[in-house]
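Those letters in the sequence shown? Residues 5 to 142, per this note's numbering, in order.
Hints were generated in silico from the structure; no laboratory data involved.
A couple of the hints might just be wrong.
Okay, the calculated beta carbon distance ranges per label pair [unchecked claim]: (1) 120 <-> 40: 35 to 45 Å; (2) 62 <-> 130: 14 to 24 Å; (3) 71 <-> 35: 41 to 51 Å.
Subject to a maximum C-alpha distance of 20 Å in a straight line, what follows is the list of computed EDC-like cross-link-like pairs (lysine to aspartate or glutamate) [to be verified]: (4) 112 <-> 88; (5) 112 <-> 141; (6) 112 <-> 85; (7) 112 <-> 68; (8) 58 <-> 134; (9) 112 <-> 127; (10) 112 <-> 57; (11) 112 <-> 64.
No residue lacks a Cβ here, since even glycine has one placed at the ideal position from N, Cα and C.
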Amino acid sequence: MAVLTLAGCDEHRIDPDSFTLTYSTSNGAVAPTYQRSTSLEIDGREAHLVVTEKGEQTTDQTVELSSDALQQVITSVDALDHRDSASDCAGGTTYTLTWGDDSGTLGKQDVRSCNEEDRNAADQARTAIEPALSAFDS
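Work the whole structure out from these sequences, hints included.
See the structure below:
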């Protein structure tokens with residue numbers, strides 16, 4: 005008798021139709037009048053971007069993501085590690101990234117860019133959501 009094990013059978017497959025993502029950044033290293041914050045929310049194929057600079061909202065836009073862009077985001081964020089900054093880290097640029105689908109939250113990162121490792125994680129998160137951000141350029 006042979007036993008066959010299929011790789012990945014127990015892994016959760018993210019449903020694009022119910023995929024959700026929230027990404028937000030802010031910079032606490034400067035006075036509020038000079039801060040820039042970004043918020044991106046994805047719900048299914050709809051993406052909503054809000055950017056605030058120097059206390060003024062400069063962008064508030066919603067777009068529909070292409071299937072390819074959505075799948076690129078899903079694949080990229082699903083490959084990210086769950087991560088939180090060290091508790092003694094304060095100030096600097098912070099970001100939070102949470103993603104999931106109708107089964108619940110599947111991943112979360114909460115990072116303050118205080119060291120090289122945190123800055124690398126922030127860059128990876130930004131790269132992961134770039135296909136969605138690019139949709140606002142067109």
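Here is what the structure says about each hint:
1. Here the CB-CB span from residue 120 to residue 40 is close to 22 Å, at odds with the stated 35 to 45 Å.
2. For residue 62 and residue 130, the Cβ-Cβ distance of about 18 Å falls inside the hinted range of 14 to 24 Å, so the restraint holds.
3. A beta carbon spacing of about 42 Å between residue 71 and residue 35 agrees with the range 41 to 51 Å that was offered as a hint.
4. Pair hint residue 112 plus residue 88 holds up; C-alpha atoms about 8 Å apart against a cutoff of 20 Å.
5. In summary, the hint linking residue 112 to residue 141 is not supported, as the alpha carbons are separated by about 26 Å, beyond the 20 Å threshold.
6. Note on residue 112 and residue 85: the hinted pairing holds, with a Cα-Cα distance of about 8 Å set against a maximum of 20 Å.
7. Distance hint between residue 112 and residue 68 is unfulfilled; the C-alpha atoms sit about 23 Å from each other, more than 20 Å.
8. Under the criterion of a C-alpha separation no larger than 20 Å, the hint pairing residue 58 with residue 134 is inconsistent with the structure, at around 23 Å.
9. The straight-line distance between the Cα atoms of residue 112 and residue 127 is roughly 15 Å, inside the 20 Å bound, and the hint therefore holds.
10. The hinted pair formed by residue 112 and residue 57 fails the criterion: a straight-line CA distance of about 25 Å is larger than 20 Å.
11. For the hint pairing residue 112 with residue 64, the CA-to-CA distance comes to about 24 Å; that exceeds 20 Å, so the pair is violated.
Consistency with the previously given hints fails for numbers 1, 5, 7, 8, 10 and 11, ordered from lowest to highest.
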